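For the record, in the sequence shown the residue sitting at position 153 is 153 according to my numbering, with numbers rising by one throughout.
No lab work stands behind these hints: they were computed from the structure.
Note that the structure is predicted; figures quoted are calculated from it, not measured.
The beta carbon of each residue, even a glycine, is placed where N, CA and C say it ideally should be.
Some hints could be false.
[As the list claims (entries may be wrong)] Listed next, with one range per pair, are the computed distances between beta-carbon atoms:
(1) THR84 / LEU13: 15 to 23 angstroms
(2) PHE30 / PRO215: 40 to 48 angstroms
(3) ASN204 / SER128: 17 to 25 angstroms
(4) GLY109 / LEU13: 15 to 23 angstroms
[Unchecked claim] Listed next, the in silico SDA-like pairs over lysine to any residue satisfying Cα-Cα at most 20 angstroms (straight line):
(5) LYS114 / ILE96
(6) LYS135 / LEU112
(7) LYS135 / LYS160
(8) LYS34 / PHE97
(9) LYS99 / LYS130
(10) LYS68 / LYS182
(11) LYS143 / ILE209
(12) LYS38 / MET117
(13) LYS52 / ILE96
(14) LYS143 / TRP40
(15) LYS207 / THR121
(16) LYS172 / ILE120
(17) LYS114 / ILE91
(18) LYS114 / PHE97
(19) LYS177 / GLU142
(20) LYS100 / LYS143
(21) LYS71 / ASP93
(22) LYS114 / PHE24
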Amino acid sequence: MIIFLRSLIFNILFYIWTFLISFFSLPVLFFNRKVDVKVWFIWIKITNKILKKVINLNYEIKGSENIKHNKVIYACQHQSAWDTIIIPYLIGDCVIFHKKSLLFIPLFGWHLYKLGMIVITRNKGSNSLKKIISKAKAAVYEKRPILIFPHGTRTIPNTKNKIQSGIVILYKHLNVKVVPVKLNSGKFWGRNSFLKYPGKITVNFLKPIDPGLNPGEFRKKLENML
1 MIIFLRSLIF NILFYIWTFL ISFFSLPVLF FNRKVDVKVW FIWIKITNKI
51 LKKVINLNYE IKGSENIKHN KVIYACQHQS AWDTIIIPYL IGDCVIFHKK
101 SLLFIPLFGW HLYKLGMIVI TRNKGSNSLK KIISKAKAAV YEKRPILIFP
151 HGTRTIPNTK NKIQSGIVIL YKHLNVKVVP VKLNSGKFWG RNSFLKYPGK
201 ITVNFLKPID PGLNPGEFRK KLENML
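Using the sequences and the accompanying hints, generate a full structural model.
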C-alpha cells in the first residue's frame, strides 16, 4: 500500500511540476535553443529530487570515464520512462530520437521542438531516412552527443533483445564511436507500470565501440554488450 501511495504522490507532483515549468518558461521559446536546454536540465534535476524524496529512488554511475560530451552515439538500454528523463542529464546537451506524437503534447511538445531533437516518422521510406541521417550529421557537426535506444522499445530487465537497424545505419554513416549503456531501471520503474520502487539504479557506460566495423560485426558486438 505504501508503494502505491508513494507512486501516486510522485505522479501528481511530477505532472504538476512538468506543467508549471513548461508554462512559465514559454518566453524561453523566443530565445536561443541553449536557454531552453538550461530549463530542460532544471526540470530533470527537480524531477530527480522528487524521485529521491518521495520514492527513495536514486542512481549510481559506473564507467564515467566513457562519458564524452561531444561526437559520440550513446546506445542505451531502454527499460523505463526513467531512462528518457535522467540519461540526457548525464551526457549533456544531447540529441534524442523521439516519436512525432510527442510534439503534439501541449507546452511540453513546444519545448521538445525547440530543443532540436530528431523526429522519427515510421513507414515514410527513404526520404525520411535521409532526413534523419542529415539531422544526425548536423548534430555531430555541432558536437552534440546522440542518444538512441537501439531496441526501439522498452524491454524487460535481464533479457536479451535484438537491436533495430537504426543504430546500425547511424554507425555506418556518422563514423563516430558508440558507447553502449547498460542499466537496470526496469527493476524499480517498469515499463507501463504505475508503481515505482525504492532502490538504486545502476547506469553503466561501457567501453566505446570504435568506428570502422562492418554492419554485421557492429550489430553482433553491440547486442552482446547490451
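Checklist entry - Would the pair LYS114 and PHE97 pass a check requiring their Cα atoms to be no farther apart than 20 angstroms? => result With a Cα-Cα distance of about 14 angstroms, the restraint between LYS114 and PHE97 holds, given a limit of 20 angstroms.
Checklist entry - Given the proposed pairing of LYS38 with MET117, does the C-alpha separation stay at or below 20 angstroms? => result holds (15 angstroms)
Next on the checklist: I want to verify a distance hint. Is the separation of the beta carbons of THR84 and LEU13 within 15 to 23 angstroms?
Outcome noted: holds (18 angstroms)
Next on the checklist: With the threshold set at 20 angstroms, check whether the alpha-carbon distance from LYS114 to PHE24 stays at or below it.
Outcome noted: holds (15 angstroms)
Next on the checklist: Just to be careful, I want the Cα atoms of LYS143 and TRP40 compared with a cutoff of 20 angstroms; is the pair within it?
Outcome noted: Satisfied, since the Cα-Cα distance of roughly 19 angstroms is no more than 20 angstroms.
Next on the checklist: Would the hint linking LYS135 and LEU112 be met if the CA-CA limit is 20 angstroms?
Outcome noted: Given that 20 angstroms is the threshold and the Cα spacing comes to 15 angstroms, the pair holds.
Item to check | Hint consistency between LYS99 and LYS130 [alpha-carbon to alpha-carbon, up to 20 angstroms] | outcome: holds (17 angstroms)
Item to check | Holds or violated: LYS177 to GLU142, with C-alpha atoms at most 20 angstroms apart | outcome: holds (16 angstroms)
Next on the checklist: Please verify whether LYS172 and ILE120 have alpha carbons no more than 20 angstroms apart.
Outcome noted: This hinted pair holds, its Cα atoms lying about 18 angstroms apart.
Item to check | Hinted pair LYS207 and THR121, Cα distance within 20 angstroms | outcome: Violated. LYS207 to THR121 sits at ~31 angstroms, over the 20 angstroms cutoff.
Checklist entry - Between GLY109 and LEU13, does the beta-carbon spacing fit 15 to 23 angstroms? => result With Cβ atoms ~21 angstroms apart, the hint holds.
Item to check | Hint check for PRO215 and PHE30 - Cβ pair distance inside 40 to 48 angstroms | outcome: holds (43 angstroms)
Checked against the numbered hints listed earlier, the structure breaks hints 3, 7, 13, 15, 20; every other hint is satisfied.
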